[in-house]
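Asker: First to last, the sequence lines map onto chains D and L. The first sequence begins at 1 in our numbering and counts up one residue at a time. The second sequence begins at 1 in our numbering and counts up one residue at a time.
A portion of the hints provided could be inaccurate.
[Unchecked claim] What follows is a list of derived Cβ distance ranges for each label pair:
no., chain 1, residue 1, chain 2, residue 2, range
1, D, Glu293, L, Ser281, 50 to 56 Å
2, L, Gly313, D, Gly180, 32 to 38 Å
3, D, Glu293, L, Asp249, 47 to 53 Å
4, L, His142, D, Pro179, 50 to 56 Å
5, D, Gly178, L, Glu20, 45 to 51 Å
6, D, Ala343, L, Gly313, 56 to 62 Å
7, L, Ser310, D, Gly313, 41 to 47 Å
8, L, Val58, D, Gln101, 41 to 47 Å
9, L, Arg36, D, Pro265, 32 to 38 Å
10, D, Pro179, L, His203, 55 to 61 Å
11, L, Asp202, D, Glu293, 50 to 56 Å
12, D, Pro317, L, Glu20, 48 to 54 Å
Worth flagging that the hints you see were computed from the coordinates, not collected in a lab. Please read these numbers as outputs of a predicted model, since none were measured by experiment. Ideal placement from N, C-alpha and C gives every residue a C-beta, glycine not left out.
2 protein chains.
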Amino acid sequence: MRTPPTLENRATPYLLIDLEVAEANARVMADALRNRGISLRPHVKTHKSTSLARIQRVLGADGITVATIGEAEVFIAAGFDDIFIARPLWITADAAAKLDQLTLSANLRIGVDSRRGVQSLAEQLQRRESIEVMVEIDSGQHRTGVHPSQAGPLALHCQSLGLRIAGVFTHGGHSYAGPGAVSRAAADESEALETASRSLEDHGIAATVLSAGSSPTALELGGGVTEARPGTYLLNDRQQIALGAARLDQVAAVVATRVISTAVPGQFVVDAGSKALTAESSSLVEGYGFVRELDGAVVTRVSEHHGIISYQGTPPPEGTLLHVVPNHICTVVNLYDQFITQASDPITIDARGHLT
Amino acid sequence: MRTPPTLENRATPYLLIDLEVAEANARVMADALRNRGISLRPHVKTHKSTSLARIQRVLGADGITVATIGEAEVFIAAGFDDIFIARPLWITADAAAKLDQLTLSANLRIGVDSRRGVQSLAEQLQRRESIEVMVEIDSGQHRTGVHPSQAGPLALHCQSLGLRIAGVFTHGGHSYAGPGAVSRAAADESEALETASRSLEDHGIAATVLSAGSSPTALELGGGVTEARPGTYLLNDRQQIALGAARLDQVAAVVATRVISTAVPGQFVVDAGSKALTAESSSLVEGYGFVRELDGAVVTRVSEHHGIISYQGTPPPEGTLLHVVPNHICTVVNLYDQFITQASDPITIDARGHLT
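Throw the hints in and build the complete structure from the sequences for me.
Answerer: Rendered as C-alpha cells:
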C-alpha cells in the first residue's frame, strides 16, 4: 500500500485549508455578532462542507444559510435542522416534493420576491404550513428583492395563500464595490430591512427575523437587524483583503500549485488555471489571484490548466510549490471535491455540484 | 417510484446537450481533416465524457488529447489506448508511478518544454522507454513552449536521458484574439512546427508528429502539420460563434435556466450564475452568455446563483424556461456531473474533477 502523499509531494493543483485559521475566523465572527445581539446564520455555499459547518455551529451559529434545495438536502442529512434557502427559487413539482420532505426534519425558510413565485410555491407544496417564507428586499445591490415599501403587500399575498411569514432579508452585495462602499452598504441593509419591517406591520404582519449581512458588512449592521448571513469570512480571499474585511493571515484556503514552465521570457506558468482558480475577475484587483510566497506575483492570465504569472527577474524553477490566494474562494471551492489539510484527513466538499 | 423529470419540469440550472448536433460537429471536423490528410486527436477536456469521446472515435478520431493524468486514467479505464497529455506537467513520485502504470495499457505521449521538467520525468519513470515525449513550441500564444529554434536542443536532451521523441506540438491560442486572428494563428502554428521539426532534424532527430490546432484553426493548418487537437468544436459556444468558427445551429450544449426574479426594473434574473455559467469573460463578447430565445438578451452580471440580464420591455415571467449559450463551454462543463439529453439517459461527465 502506498503511503498517502504529504503536502510537499502531492500532485497539484489542490485546495489547501488551514483549519486553525478557519476556526479562528469562525470564532471571531460568532463572538462579534453575539456581542452585538445578532444571530449568526452562516452561508455555507462558501465551503459546501458539513464538517466545516459543524465548526461554525459549535462556535455559535444559529442555523445555516444555503443557496439550493440540493445543498439543503445534504446538510439536513448531516443533522442540520435549521436552514434558510436565501434566494427566490422557481419551484418545480419535484422541488416542491423535496421541500415537503425536508420540512419533516428541519425548520426550513425560503426566500420570495414575486407574487408569481409565491403563488407557485403555495400551489405546489403539500405541507405549506410547515415552511417559513422570507420576503427578499433590494437594499441597493439591484439583483433580486422587492423595494422595501413593497414588502408588506407581498407578505400579505403570502399569508392569503396560507404561507407563514418569518420576516424579511436582504443582501448588501454592493459592499463589494470597494472598501469605501462597505459601511454605506451595511447602513443600506439595516435601513431597507427596517422600512420593510414597518411595511409588514402596516399590513398587520410581524417580521420576527430581519436578516442581512455579507462578510464585509456583517459587523457593521445597524440596530434593527436580528440575523447575519456572512459566508466568505470563514475562509477569506483576495477580495476580502482588498475590501479591508480580512488580513492575509486570516486567509484559510489557498490553491497549491507548481511551476510547470518558464520557457517564455517575462513570465512563468503554474498548473492552476481557470479549472483550479476560476476565471473570475474582480473590479477590486487585477488578475485571478496572487502568489503568497512571491511579492507582487499575480496570476495575470488563465487558460484551463495554465496560470500565467508576469514576472521580471529570475522565475522560480519548474517544480516549485507555490500557493495562490484566489479572488473569490466560494467559486473556487465549487471546483473541488475536497479540502486538503495539513494534519488530518481531507475534508469532503459534500455539497459540491448541488446546483439545484 | 417517481417518473424521471422531462426537460420542461426538471429543476434548473442543468447542462443540456443536443446529441444530433454534437454528432454532426464530430463528423464535419473528422471528414474535413481526413480530406486534408491530417489526423484528428480531439481534446476531450471540453466534455470530459468517455461516451462523447466514443462518438468522436467511431467517426474517425485517431487517439485523444487530455490535460491531466487523472483524465488519462479515466479514458484509459474506458478503453482508450492512445493518449496525449498535451502540456508540460511537473511529475511527482506518485504521478510517475501512475504514468508507468498507464503505459502498460496505452500509448502515452506527454508534453515537455524545459530541461528541468525532462530531467525530473526521466529520473522518476521506471518505464521511461514506454512513454513518448512531445516538445512544446510557442507559436505566438506566449503561454508555454520553447522557441521553435530551441526544439532540437531540448529533444536531444530528452534522448540523452533515454526518453523517446514522437514530435513537436503547439497551441495557437492567439487565434482567440478575434476573427481576424484565426488564419494568422493557423499559419503561425504550421510555420513554428516546421521550424521546430527542422531544428530536430539538425540534431539528428526525426519528428514524426507535428501537432497543432485549436477549434478555430484546425481547418486552416498548413501542409507540414500531421495532427490536429481541437476540443470545443464538438459542442461549440459563444466564443466560437464570435470567431466565425461555428454557427448558432452548431451549438450543441447550453445551460437550461429559469427566470426567478423580475423585481428590479430594467432586468430579469435567472437561476444560472457563476456556478452554472462560470464568471469567465471574453475579449470577444460582452457578459457571460446570451439567451437563445430572446434576441439581444445577454447575461450582463453574475453572482453565484443569479444571472442578471439587462432587459428593456416586459421581462419573461418567473418560471420561464430559457437556454443560455455560454462564452466558453469547456469551463462550463467542468461545473457539472452530467449532460442532460433530450431523448436518452443523462451522459456522465466521468472525468469531471480530475484536476491532477
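Asker: Does each hint hold? Answer for all of them.
Answerer: To see whether the hints hold, each was checked on the structure:
1. D/Glu293 with L/Ser281: 50 to 56 Å: Check failed, 28 Å falls outside 50 to 56 Å.
2. L/Gly313 with D/Gly180: 32 to 38 Å: Given range 32 to 38 Å: holds, Cβ gap about 35 Å.
3. D/Glu293 with L/Asp249: 47 to 53 Å: 49 Å, holds
4. L/His142 with D/Pro179: 50 to 56 Å: 34 Å, violated
5. D/Gly178 with L/Glu20: 45 to 51 Å: Because 48 Å falls inside the window, the suggested range holds.
6. D/Ala343 with L/Gly313: 56 to 62 Å: Distance hint for D/Ala343, L/Gly313 holds at roughly 57 Å.
7. L/Ser310 with D/Gly313: 41 to 47 Å: This hint holds: roughly 44 Å between Cβ atoms.
8. L/Val58 with D/Gln101: 41 to 47 Å: 43 Å, holds
9. L/Arg36 with D/Pro265: 32 to 38 Å: Roughly 34 Å apart at Cβ, these two residues keep to the hinted range, so it holds.
10. D/Pro179 with L/His203: 55 to 61 Å: At roughly 56 Å between Cβ atoms, L/His203 and D/Pro179 fall inside 55 to 61 Å, so the hint holds.
11. L/Asp202 with D/Glu293: 50 to 56 Å: 39 Å, violated
12. D/Pro317 with L/Glu20: 48 to 54 Å: 49 Å, holds
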